[in-house]
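Colleague: So you can see what is in the structure, the chains are spelled out below.
Protein chains: 2
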Amino acid sequence: MNAPVDIAKMLQPRPVPAAMLDALKARFGERCSTAQAVREQHGRDESPFEVPPPEAVVFAESTTDVADAVKLASQYEVPVIAYGTGSSLEGHLLAVQGGISIDVSRMNQVLRINDEDLTVTVQPGVTRNQLNNAIRHTGLFFPIDPGADASIGGMAATRASGTNAVRYGTMRENVLALEVVTASGEVLRTGTRAKKSSAGYDLTRLMVGSEGTLGILTEVTVKLYPQPESVSAAICHFPSIDAAVKTTIAIIQLGVPIARCELLDANAVRYVNNHDKLSLRPAPMLLMEFHGSAAGVAEQAQTVQEVARDHGGEDFQWATTPEERTRLWTARHRAYFAGMSSNPGCRTVTTDTCVPISRLASCIDKAVTEADEAGLPYYIVGHVGDGNFHIAYMIDPGKPEQRVLAEQLNDQLVHHALSLEGTCTGEHGIGLHKQGFLVDEAGAATVEMMRLLKRALDPKNILNPGKIFAL
Amino acid sequence: MNAPVDIAKMLQPRPVPAAMLDALKARFGERCSTAQAVREQHGRDESPFEVPPPEAVVFAESTTDVADAVKLASQYEVPVIAYGTGSSLEGHLLAVQGGISIDVSRMNQVLRINDEDLTVTVQPGVTRNQLNNAIRHTGLFFPIDPGADASIGGMAATRASGTNAVRYGTMRENVLALEVVTASGEVLRTGTRAKKSSAGYDLTRLMVGSEGTLGILTEVTVKLYPQPESVSAAICHFPSIDAAVKTTIAIIQLGVPIARCELLDANAVRYVNNHDKLSLRPAPMLLMEFHGSAAGVAEQAQTVQEVARDHGGEDFQWATTPEERTRLWTARHRAYFAGMSSNPGCRTVTTDTCVPISRLASCIDKAVTEADEAGLPYYIVGHVGDGNFHIAYMIDPGKPEQRVLAEQLNDQLVHHALSLEGTCTGEHGIGLHKQGFLVDEAGAATVEMMRLLKRALDPKNILNPGKIFAL
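First to last, the sequence lines map onto chains A and B.
Using the working numbering, the first residue of the first sequence is number 1, and each one after it goes up by one.
Using the working numbering, the first residue of the second sequence is number 1, and each one after it goes up by one.
Hints are computed from structural coordinates only; laboratory data are not their basis.
Be aware that a few hints might be false.
Claimed, not checked - Straight-line distance between alpha carbons at most 27 Å, and here's what the computed DSSO-like set of lysine-lysine pairs gives:
id : chain 1 : residue 1 : chain 2 : residue 2
1  : B       : Lys71     : B       : Lys460
2  : A       : Lys223    : B       : Lys246
3  : B       : Lys223    : A       : Lys246
4  : B       : Lys366    : B       : Lys246
5  : B       : Lys9      : B       : Lys460
6  : A       : Lys366    : A       : Lys246
7  : A       : Lys366    : A       : Lys399
8  : B       : Lys223    : A       : Lys223
9  : B       : Lys366    : B       : Lys399
10 : A       : Lys460    : A       : Lys71
11 : B       : Lys460    : A       : Lys460
12 : A       : Lys9      : A       : Lys460
Please read these numbers as outputs of a predicted model, since none were measured by experiment.
Let's have the full structure, built from the sequences with the hints guiding it.
Modeller: See the structure below:
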């Protein structure tokens, strides 16, 4: 087992010189804040870690703002951390080496809607809900939906996905082009609006998932999809988690183009019932959605209903109106907050393993057994169509032994997933939390190759230093 | 306009020391050849360039063979070029800086078929047809199909695609994991068999499309897809290329999940008729394929037929039997060779632009006008559903002015495509041929970032040096 993450050992503060603070104030005026409350807000995310906040926060309103802030950081060799909505779960935003935060939430313009090409270009602070509202009139939508209303920049930086990835892919598949501020403050473009390209190294995908350590994203061009002619959502209850998972495996192996295929265990159902005033029966269930023509949707649903029945699944309950569907999916997206509000004062340690689909039943089964034995409050939600699921353990921050226990359970789960040829993180990223797991998964030599790239692109180690790996 | 590629200026031979040849012979015996015919075979590809061949060819049979050859090359600072089937169109395989070729065609084992996970792991010398034959019994298939029966290693290295990419993506979307021999001869793994991951930098996609300049691929894990329940192929003739293209644009904007959507102009139809003994009417046509359930296929085809009619398209002609379909697609895949056999002694200069779908009609229209004015024999084939098409100019290698003219036409087309926010290469890669275009497309600063990565991972510049960019 890896030793639990020791944040104290990761702290390597690099003080911001007074001259740099003066230069930031001169350049940004009131848009550079050193107020304690502002710093603290930018010094934490949804991870369970507490570290001192950044020394200043710059509110960027343009690419030039970001570039100028990074140039100063480069000059003074001070860390810079881009901040979107603060919804990271793995400590990506924490200033373990000090420095400044660059808040890009005011860079929230939808710059170019190219609806006839099914693409859109946005600034990094645009959130996924804001984007979908802005393009609704086009008949198109952007499918990637992590639980939070995250920023598109942050989603690209963590290679996020969500409930639609089983059909539409993740940020890996959906980012076409980027504008990036490099470690020296230079502004680059990667990719084009062409759907495919063989033009040199795939810098776009190198930046996607690099967690702010190779560049700061200042524009993101993503793919859009036509709103399906027909959408229907169904709930199917199962006698066991295992039955729901085995149904999912069969659906994927059959090639059914299901748009969403989410597992909730009985605990998750209870929490979302409480939080979102639903009255779902607290039993393991799949929450599914089908996209296509009316006939296509009916056909998919029929196939899946038959597969589900073979595994003891009940008759589908349909969410027939858009309002009902929205209510269900909103509740699903809020599961994280539902868990916290049902366990007041707790923090959440969330696992994120993803395994080849045939191994998913084994992986979840062992995780459930271990969670039941451990006795911590927990729930399971999963993008099971992708082989990805989360066990969220609710821990009392006043009881450090609970965090140790949750980390131990996560560790066991990750190593089981790796033995099944899976990954320690399907969509949340490495951040501070999973650096040991990354080495276990990829091997020391492969992580060393990542370090070579980092040193080449950021020789002063100022871009979100200490994340993904220690240099 | 960029100056036409001057291969003579790219030649920077780095002689292979006798001691290294001795060491190769000692290690590989007869599997290291310096025979003139063998060297010449490995010193060319389908590009129109002629350069001196590599000094030796090593026939690798294992990852260890590749690693040992690379270690010797590293020790003596000699270039190494991986060779699969030799079907590159852009000069990727040409030994412009001398060195040795590592032929991986004997590394042709399908290592692990994980049909229940829809993945397969192969050695790099496995060809796409070989792979599909090996997995046919599983009910799965591998969709990526460049014209040639290329090797999976070569396809990954050039980020290849083909006729199915409109629905199934390219090598970018379909490679899950790699085994790679680095510039120092170390063996690494990137990625896992999980469908998605946020675990650190996306080294897999950095290697995909890196044209052998960052590592040599020794294992490739790719996604597979269930053979569709129903497949039907249709031909639709149009009064003009423009009408066919506008039909395609509308199909994509409607979100029809068409599996293949290929344009052939009248010239291309004539050539494939001659070469494959078909009797297609020589007029602009779309060759399409629909995958899905029987009802889904019928529905897609009906939608597309209606769209086509709106643009003057004729009634679909159906290829109803698998044999008919195979015959049509085989002919389509052989278009390149059909063009050459109809113009004996010629070589082909092929363009490869890809643009946002709404710009495709404008892009093709201008290209056709310019090609007609120029007077060289040409034909057009296109993966038009992706916005990607090829004009192939047939040139007489004895008339250098024809190559200059073809290059000038390509140059005009590329710069038009770039002005439309497209790319100079959808699927063939940069190689030697498009290095100027890459700078025009990506910008000097972005290409400089690629150079930084290259220097970091290959400090002695031994991995296929001189390709993509000059260092």
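Colleague: All hints, please: hold or fail.
Modeller: Quick rundown of the hints versus the structure:
no.	hint	result
1	B:Lys71 <-> B:Lys460	12 Å, holds
2	A:Lys223 <-> B:Lys246	21 Å, holds
3	B:Lys223 <-> A:Lys246	21 Å, holds
4	B:Lys366 <-> B:Lys246	14 Å, holds
5	B:Lys9 <-> B:Lys460	21 Å, holds
6	A:Lys366 <-> A:Lys246	14 Å, holds
7	A:Lys366 <-> A:Lys399	25 Å, holds
8	B:Lys223 <-> A:Lys223	21 Å, holds
9	B:Lys366 <-> B:Lys399	25 Å, holds
10	A:Lys460 <-> A:Lys71	12 Å, holds
11	B:Lys460 <-> A:Lys460	23 Å, holds
12	A:Lys9 <-> A:Lys460	21 Å, holds
In terms of the numbered hints stated before, the structure departs from none.
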